[in-house]
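Asker: Can you make the complete structure from the sequences, with help from the hints?
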Amino acid sequence: MSDGNKSSLRIDWFDGTLIEEPRPNTSTTSAFDDEEQPEPKPEPKPQFTEKKPIGYKRLLDISTLQPPILNLEVSHRPGFWNLLDEKELKGDFIVLIVRILANVYKTLEPNESSKIVKLLRTRFQNSNFLVNIKNYLDELPSVRIVEKRLNSLLWDDPEIFYMSVLDLCEGIINFERENLEFIKDILDLLEITEVSVFGVREEHTERFSNELFVRIDQLKTKAMKLLKDEDFDEEGDEIIPPSETTNPDKNYFKNLNIFPTKDDLLSANTIPIKPNIINGAFPSVEDYLDIQFKLLREDCFGPLREGICKYLENPSKRRHENIRVFPKVRILRNYVSNNRVGHLVDIAWKERSTNGTVDSKRYAYNKQLMFGSLLLFTNDNFETILCATVLDSNMALLRDGYVAVSFQNPTSKSIFSEAFLMVESEVFFEPYHRVLKVLQESRLDDLPMKRYIVDVQTETHPPAYLSPETIYTVPYDTEDLPYPVLDTSQWPDQVFKLDESQLEAYKFALTREFAVIQGPPGTGKTYIGIKIAATILRNLSLEGTPMLIICYTNHALDQFLEGILGITNSIVRLGSQSKSPLLEYYTLHNLRSKIKCKYSYLYASKRNELEKIFKEMTDLQSEIEKCEKDIVSYKNLKPYLKIGEKNYNLKSTIEDSVLDWLFGDFEEESQTAKVVEIDKEVDAEEDWEKLDDLALKEEVNSCFSESWALTEIDSMMNSIRYVNDVTDNHLEANQMTEKFKTEIRRISRRLECFKKYRTLQNNNKENFKLDQVNDLYSLNQDQRWHLYYTAVGTLKNELLSKMNVLLDQHNTASQELNEVSTLIDGEVMRTVRVVGVTTTTAARRHDLMRKLHSPIVIVEEAAEVLEAHIVASLTHQCQHLILIGDHKQLRPTAAHYKLAKDYNLEISLFERMIRNGVHARTLTTQRRMSRNFVELIVPAIYDKLDTHSSVESYPDVRGMKDNLYFFSHDVFEDSEGMEDSWSHRNIFEAEWCIALAQYLIKMDYTQDEITILATYNGQVNLLRDLAKKDESLCQVRITAVDNYQGEENRIVILSLVRSNRDNKIGFLTAPNRICVALSRAKEGFYIFGNMNVLKSASSIWRQINDKLVQQKAIGQRLTVICEEHNDNTIDIESVEELKACLSGTCLRICDKK
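Quick note: the numbering used here has the sequence shown finishing at residue 2259, numbered continuously throughout.
Hints were generated in silico from the structure; no laboratory data involved. Any given hint could be a false lead.
Derived DSS-like pairs: lysine-lysine, alpha-carbon spacing no greater than 30 Å straight-line [stated by the list, open to error]: (1) 2245 x 2067; (2) 2050 x 1908; (3) 1721 x 1908; (4) 1416 x 2170; (5) 1158 x 1224; (6) 2108 x 2170; (7) 1163 x 1193; (8) 1875 x 2004; (9) 1212 x 1163; (10) 1331 x 1356; (11) 1212 x 1193; (12) 1196 x 1224; (13) 1556 x 1356; (14) 1434 x 1908; (15) 2201 x 2218; (16) 1685 x 2134; (17) 1556 x 1735; (18) 1221 x 1700; (19) 1196 x 1163; (20) 1519 x 1556; (21) 1861 x 1908; (22) 2135 x 2245; (23) 1193 x 1254; (24) 1875 x 1519; (25) 2134 x 2108; (26) 1356 x 1543; (27) 1224 x 1193; (28) 1380 x 2004; (29) 1456 x 1416; (30) 1847 x 1862; (31) 1456 x 1519; (32) 1543 x 1748; (33) 1163 x 1434; (34) 1847 x 1748.
Quick list of simulated restraints, FRET-style, between CB atoms [what the hints assert, rightly or not]: (35) 2170 x 1534: 25 to 35 Å; (36) 2081 x 1888: 44 to 54 Å; (37) 1888 x 1710: 53 to 63 Å.
The beta carbon of each residue, even a glycine, is placed where N, CA and C say it ideally should be.
Answerer: Listed below in structure tokens is the structure:
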């Protein structure tokens, strides 16, 4: 059913026109057609095939575009670059080309390596264009008046053209500052331009502004100083930073590897690390980036180093700190996954080679090996290390004991023949990798908000986009009230409906270019953040420069963007982890499909090109997998059945000849009754040519596999049952059943034999030697299987060679698609007014962030984020930065405890600014917690926190005497079952929490009004297991305290877990975690813990205990109350009593009175 001869309609990349062209046969066409090549049939020729220079009309159209669309157009328009090679160009062509190149150069980022940069450095710099423009400029003064109409683009306004020439020269000087030979050409061009301007002024009496001559002098000075290797230090000159590759210090942060080396892992850290400066300014941007980079790098590699060193001391330990060890793995081959290419690793190789099978359950539900995790491979005790990241670990792969990885550097073929020790770092590498890369590529001369982040200036200025004349408006009744935004004394304060501290923070954030807002629990920091964003959106268009909202967690980002939807629906959310139904429509994918971008055709074409290559690779991969998992048919194997240089044939049989050869002679019931000898003399040469052709072009077919055998056996067992059920003739039934059983035995024996010899494919075949024989049937079974896998190995190597060719094509196409995607995404996203992103995604897509030119950035949860993550999220276009958070709740989580405490890594940018008394406002009135709950954290954690009158209207908790109670006990936490875990759990507390939740559900609370929190993940898992046994709790939220930051509920039940004879309470001593744990409940708060242990280990818990004692809210019994008979109460001392305390909706004692 081939449709290879039919024609198809295709959309031209650039013009959007339909083109009819023959549909290529996918089995024979190239996987990566070059756009310069003609189609197999001359008509109709695709419009984008440009062997000749483009014409004037197309060039004029291109010149009207602006970056990044201009860059995209030019980089995929071969005819433009062909134009630069012309020996002679008309004047209007030169004017347009100068305009285009000037616009392209001005948008290039330092160290950019996009396709447009490669074309500029090859096609442009090696073209005739500079010669043409120099000649053109030189001849302008002598142009006759009658000739001017032939070059109207210049003579309509000569100064505009000369300014474009200077723009081009300036862009080249800034971007190519290290290419001194090219700078010499540009200096020569500037001098010719200067002479040309004077000549045109004298000969044609044209007038030029003084600015033109000043710019020429400035650019000539820049070029000459570059050639003299000088920096700029004169007033008014742009400072050109020193080359960032010339620092010879191997420990300089730009010279360090982002992936670990042997020296990083096997000995004490030799790279000097300085503590984060939390009081005062940094000496320079370079020192700042150096400190942040090295701290973050050591935070990632320090725990890994400790884990590997302890592993080397005792490799036989059951569990290792900070690392997961896979003792013997094999790297099998290239692997295609998620439209990316990596290597397939057999993590169950030892088990597979020993047993022939793999315990799929052991690997299938592995929660490790996440995408982006760091892996180390070594076969010499870490003397040499191969670094990789996890590319794919889907359940289907893990079930079979495989994982796909992407190596940091190119690898040799020798990796396929050796066994490796594989180590996975427990520190998740992906966010570190992305942020370190951004920091290392940061410009030393252009750090966003340097005045505050590095210099820690105490004076803060208004945002650059505001002036004293800027007027904002606020809706009031049916009209908009205007007010001068920078004169806060004229604001209509009463209209904003904010309390005093909120209003102060609100004004401060809107009028200062760098603002920090601290919001203790329940004070409405998200509310005030949304109100700030809403005010800006109401008063600024933000056209082409969207506001950027950055959050640490996906939950906070969803919450913030949902609030903004009430103001504008012109938003887009990056990332795929949103759980908000309201935001499903506002993804980048949907925005792409919604906005009709002319260049979407180019994206679609590049994507189709990549998918075509990807499909070829997946098809080829399937054939390679057949070689590994199945028995390959004789048709495919015949050219490779050799001993030495001699080829051998197999007899033709009913079944595939390979099966008969491998199994037939060793079976009692042979299937070789019908054998046809191949005539070795007749048409031998023609036969080999045909088989050679088949080997190259036809797909690999298998004739036996484990899955086929098991399916056949299962089918025949069903047939036996069916025969016995429907056949009355027992003799006939027995005969048919015996035939099936005979066939089942035959297939089962073959399967066992196949499993036995399958391990040979992973063994070293160089040790296998065979002398030439007359007939392959004279070989014993071991020799036949050895020869079979040798032949299969040769076939597999040919397939792998084809895969390598496709791999090169895939990498090229993938890089081009990424460039096109980033440019188009940037253009599409600049059509919206708000872009939401997490800190990790912002670092991962930093190139895209730069394309947005966002002047306003709001960071929610800023106190929870490592400083480097925030800095990596910013771009040099940032004019207004607002940080919102609370450093007294959750701090940034560092992987290395020593760095967190001794090197100030856990101090966020947010907290550092507050410590320095810079640009901060604090919200002081909370609207969440009942007043007595607040007393637990004031003054233990906060000096002051007022309570709004609205919480006084909260109802009492139904069925409970107390709205706040701490149930103290002395039952120790569990030790059994926790040997392989660093977490903790307490079954006593878990049962109490579940029983109390069940009781409150019976008091007519809905499941979503109750939250159960625990301080350890081990306890969370235990609580969830217990809750699964009761359907009434299936929707009750059970989670860890750290995951509940920023959230609240009517009733919260808290399990503190720690209870032991050593009085160890771990991170329950941390004020930040205590703060979050004690500030989530609104109306009812019930805590289970061992207060004696807690207060003996922490002064904060002693203060909390004193407050609870004052409120008579601590003890060893809960008191429940009957809602109908308020005088009736029961003191509950055990879980069993709580479960049995009710009789219907009343307490059991109510019926007895």
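Asker: List in ascending order the numbers of the hints, as given earlier, that are violated by the structure.
Answerer: Of the numbered hints given earlier, those the structure breaks are 2, 6, 8, 17, 20, 32, 33 and 34, listed in rising order.
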